[in-house]
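In order, the protein sequences belong to chains U and E. Under our numbering, the first residue of the first sequence is numbered 1, with each subsequent residue one higher. Under our numbering, the first residue of the second sequence is numbered 1, with each subsequent residue one higher.
Among the hints, a few may not be true.
Repeated chains share a single entry, so a pair holds when one copy, or any two copies, can fit it.
Unchecked claim - Calculated lysine to any residue pairs in the SDA-like style (CA-CA distance at most 20 Å, straight line):
no.: 1; residue 1: Lys224; residue 2: Ser267
no.: 2; residue 1: Lys224; residue 2: Trp296
no.: 3; residue 1: Lys38; residue 2: Leu123
no.: 4; residue 1: Lys224; residue 2: Asp269
no.: 5; residue 1: Lys224; residue 2: Tyr301
no.: 6; residue 1: Lys38; residue 2: Arg351
no.: 7; residue 1: Lys38; residue 2: Leu127
no.: 8; residue 1: Lys122; residue 2: Gln4
no.: 9; residue 1: Lys224; residue 2: Arg167
no.: 10; residue 1: Lys122; residue 2: Asn12
no.: 11; residue 1: Lys38; residue 2: Asp72
no.: 12; residue 1: Lys122; residue 2: Asp37
no.: 13; residue 1: Lys38; residue 2: Ala8
no.: 14; residue 1: Lys38; residue 2: Ile356
Because the hints were derived from the structure by calculation, they are not lab data.
Protein chains: 2
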Amino acid sequence: MITQAAIATFDNLELDCGITLAPVTCAYETYGTLNDDKSNAILVEHAFSGDAHAAGEGGWWSNMIGPGKGFDTNELFVICSNVLGGCRGTTGPGSINPATGCPWAMSFPAITISDMVRLQKKLIDHLGIARLLAVAGGSMGGMQALEWAVVYPEHVSAALPIATTTRHSAQQIAFNEVGRQAIMADPDWNEGNYYTGRPPARGLSVARMVGHITYMSDESMRQKFGRRVREGQNRFEVESYLHYRGSQFVDRFDANSYLYITRAMDSYDLTQRGALSTLFENIPTRFLVLSFTSDWLYPSYQSLEIVSALRSRNCDVAYCNLTSHYGHDAFLVEVDEQAELVRGFLASTLREARAIGTGHGRS
Amino acid sequence: MITQAAIATFDNLELDCGITLAPVTCAYETYGTLNDDKSNAILVEHAFSGDAHAAGEGGWWSNMIGPGKGFDTNELFVICSNVLGGCRGTTGPGSINPATGCPWAMSFPAITISDMVRLQKKLIDHLGIARLLAVAGGSMGGMQALEWAVVYPEHVSAALPIATTTRHSAQQIAFNEVGRQAIMADPDWNEGNYYTGRPPARGLSVARMVGHITYMSDESMRQKFGRRVREGQNRFEVESYLHYRGSQFVDRFDANSYLYITRAMDSYDLTQRGALSTLFENIPTRFLVLSFTSDWLYPSYQSLEIVSALRSRNCDVAYCNLTSHYGHDAFLVEVDEQAELVRGFLASTLREARAIGTGHGRS
Numbered sequence: 001m002i003t004q005a006a007i008a009t010f011d012n013l014e015l016d017c018g019i020t021l022a023p024v025t026c027a028y029e030t031y032g033t034l035n036d037d038k039s040n041a042i043l044v045e046h047a048f049s050g051d052a053h054a055a056g057e058g059g060w061w062s063n064m065i066g067p068g069k070g071f072d073t074n075e076l077f078v079i080c081s082n083v084l085g086g087c088r089g090t091t092g093p094g095s096i097n098p099a100t101g102c103p104w105a106m107s108f109p110a111i112t113i114s115d116m117v118r119l120q121k122k123l124i125d126h127l128g129i130a131r132l133l134a135v136a137g138g139s140m141g142g143m144q145a146l147e148w149a150v151v152y153p154e155h156v157s158a159a160l161p162i163a164t165t166t167r168h169s170a171q172q173i174a175f176n177e178v179g180r181q182a183i184m185a186d187p188d189w190n191e192g193n194y195y196t197g198r199p200p201a202r203g204l205s206v207a208r209m210v211g212h213i214t215y216m217s218d219e220s221m222r223q224k225f226g227r228r229v230r231e232g233q234n235r236f237e238v239e240s241y242l243h244y245r246g247s248q249f250v251d252r253f254d255a256n257s258y259l260y261i262t263r264a265m266d267s268y269d270l271t272q273r274g275a276l277s278t279l280f281e282n283i284p285t286r287f288l289v290l291s292f293t294s295d296w297l298y299p300s301y302q303s304l305e306i307v308s309a310l311r312s313r314n315c316d317v318a319y320c321n322l323t324s325h326y327g328h329d330a331f332l333v334e335v336d337e338q339a340e341l342v343r344g345f346l347a348s349t350l351r352e353a354r355a356i357g358t359g360h361g362r363s
Numbered sequence: 001m002i003t004q005a006a007i008a009t010f011d012n013l014e015l016d017c018g019i020t021l022a023p024v025t026c027a028y029e030t031y032g033t034l035n036d037d038k039s040n041a042i043l044v045e046h047a048f049s050g051d052a053h054a055a056g057e058g059g060w061w062s063n064m065i066g067p068g069k070g071f072d073t074n075e076l077f078v079i080c081s082n083v084l085g086g087c088r089g090t091t092g093p094g095s096i097n098p099a100t101g102c103p104w105a106m107s108f109p110a111i112t113i114s115d116m117v118r119l120q121k122k123l124i125d126h127l128g129i130a131r132l133l134a135v136a137g138g139s140m141g142g143m144q145a146l147e148w149a150v151v152y153p154e155h156v157s158a159a160l161p162i163a164t165t166t167r168h169s170a171q172q173i174a175f176n177e178v179g180r181q182a183i184m185a186d187p188d189w190n191e192g193n194y195y196t197g198r199p200p201a202r203g204l205s206v207a208r209m210v211g212h213i214t215y216m217s218d219e220s221m222r223q224k225f226g227r228r229v230r231e232g233q234n235r236f237e238v239e240s241y242l243h244y245r246g247s248q249f250v251d252r253f254d255a256n257s258y259l260y261i262t263r264a265m266d267s268y269d270l271t272q273r274g275a276l277s278t279l280f281e282n283i284p285t286r287f288l289v290l291s292f293t294s295d296w297l298y299p300s301y302q303s304l305e306i307v308s309a310l311r312s313r314n315c316d317v318a319y320c321n322l323t324s325h326y327g328h329d330a331f332l333v334e335v336d337e338q339a340e341l342v343r344g345f346l347a348s349t350l351r352e353a354r355a356i357g358t359g360h361g362r363s
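With the hints as extra help, turn the sequences into a complete structure.
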């Protein structure tokens, strides 16, 4: 499959906090071919620790994006960009502040999920796409999909918020806060100024370990590790796994991005714009909402809140609570049923779009 | 209510690891009055971070132990001791190694739940009690209650394992390991040698924060904090709560005890002694097993495993899965129904004991 990585640079981006970032770079990849009327574009949005590399070898959703897959690149043009605040090509706290010539570190302005989406909108404009066939993402990616549908309803025909929520619960905030505290407790964090020294590897590793527990389920951990002990070591396999995942994360993720992005997730509250049912009134976007039975980090009831509000306004919404023991990770690994649902949903969105004309969708 | 705190010192204690600790001190408190035939003694066993101070002001189970309460001190003599490896009066890694004159720190031998119970048996012998009316405890205390029933069946008439398990799942081990890693990532931990310097306060605090999330439930956190923001601060209330709990813990708990005791919990596996149903064969002890619907750290299925095995051997067992939204904390805070069940169960145990004579119980 052909994958293409690129960087787009924009003169500026106004943030919710009132500050304007200038310039802003956005790393993105595309898969498949944009058709002549630019009506087959899908924006796929990554979760907290993801990046623009969604498909192809090592891509975080490579099992879902490709020829004949859930997001079929024989038909569709799939775009994925690294979020604002990230550390994989898009402007974030590790980027150079042009005013000082030094990394922003903790002087980077506070960012929001809306800011992330506003940057994505600039990218889509830059690509000359007036209207996305769909926005799709799991977890934090799902928050962005919801945000797109509410803020740019005329620019997106379908939204696929997966394993997500309109706002974090106290428990979700609490787990993120533990991660943040673990990072900030590491003396190498040094108030965020570690770019010329050692990064806070121990703290970031502990933060990631907590994350991994919440991404799995009691049952998937039992099946994967049980109480097996690492041969020749006085250590449970689950411990070795967490150590490995923690240290691996340190090599690819910036601790300050961890702080900024988790803050953006925790502060996100779609209902601050108004009651969900009001927000969804007259929304032309079609929805496919997915959750997973064993996902205790983003429990199904959070998806059901979205579905109920959409149904109360007679919106076009399909919902499935997929059976899986993989916990929150299910949206990344539980492929077969998810792919079939996504494929079917996108095919019908395409059909509807073609029936109506290039504008696609119901609007 | 009269509470009495004391220290018992024993010449030595043989540990499962083969090492003999000599001497060993054991801090304990008692509530109520031991009757003439010493047949009204209850051993109450604390959870991971508890201590001997179970009842009276500030006692960790003060709502359950006292005159007219679940463990009625008008009738019963209640004993609670700090566990081996602890830091509240009983020998642990913070104690002085008599061979060196310095704290044991990480040279303290590995300890097990069985070792803890063996020390408690010495204490009970020391108090001249041949047979306990009951052993009771939640969480790690429940592991000890199970261990008592299996190892000293002739010395305990009834066991009340509450919100507990016969062995930790991978998820339970994983959460403990995150806590351990947070402590060991703190440079102030210094391989455990911090007794003359600063303790690893930041690491221990992060460890405690993780713990607190697992002790609560999604629902109890929603009810207690929701998404409320601390007035005048840019911080969610749940974050302030976790910070407070974390820093409070540092003042009363030893980081090395955290490492040793969580290791003891994780390594505990009652089924290593044999299949549960075999272990419970011919056991004379009566059981009251309690779990709580919203406890996701020690889920009800873990209690049900115990109950099933007991029933398969026709043991005398009552089981209740109490409705509560408090999560694992429920055994500490959900008093009314629990107290009534405990009171009724102990009353019938007492009645049975008196009918049979001083030996009490069915044996």
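Each hint, compared with the structure:
no. : hint            : verdict
1   : Lys224 - Ser267 : between (33 Å within a copy, 18 Å between copies)
2   : Lys224 - Trp296 : both (18 Å within a copy, 19 Å between copies)
3   : Lys38 - Leu123  : within (14 Å within a copy, 80 Å between copies)
4   : Lys224 - Asp269 : between (35 Å within a copy, 19 Å between copies)
5   : Lys224 - Tyr301 : between (26 Å within a copy, 19 Å between copies)
6   : Lys38 - Arg351  : within (15 Å within a copy, 83 Å between copies)
7   : Lys38 - Leu127  : within (9 Å within a copy, 84 Å between copies)
8   : Lys122 - Gln4   : within (19 Å within a copy, 71 Å between copies)
9   : Lys224 - Arg167 : between (31 Å within a copy, 17 Å between copies)
10  : Lys122 - Asn12  : within (10 Å within a copy, 73 Å between copies)
11  : Lys38 - Asp72   : within (16 Å within a copy, 77 Å between copies)
12  : Lys122 - Asp37  : within (19 Å within a copy, 83 Å between copies)
13  : Lys38 - Ala8    : within (19 Å within a copy, 81 Å between copies)
14  : Lys38 - Ile356  : within (15 Å within a copy, 88 Å between copies)
Of the numbered hints stated above, none is contradicted by the structure.
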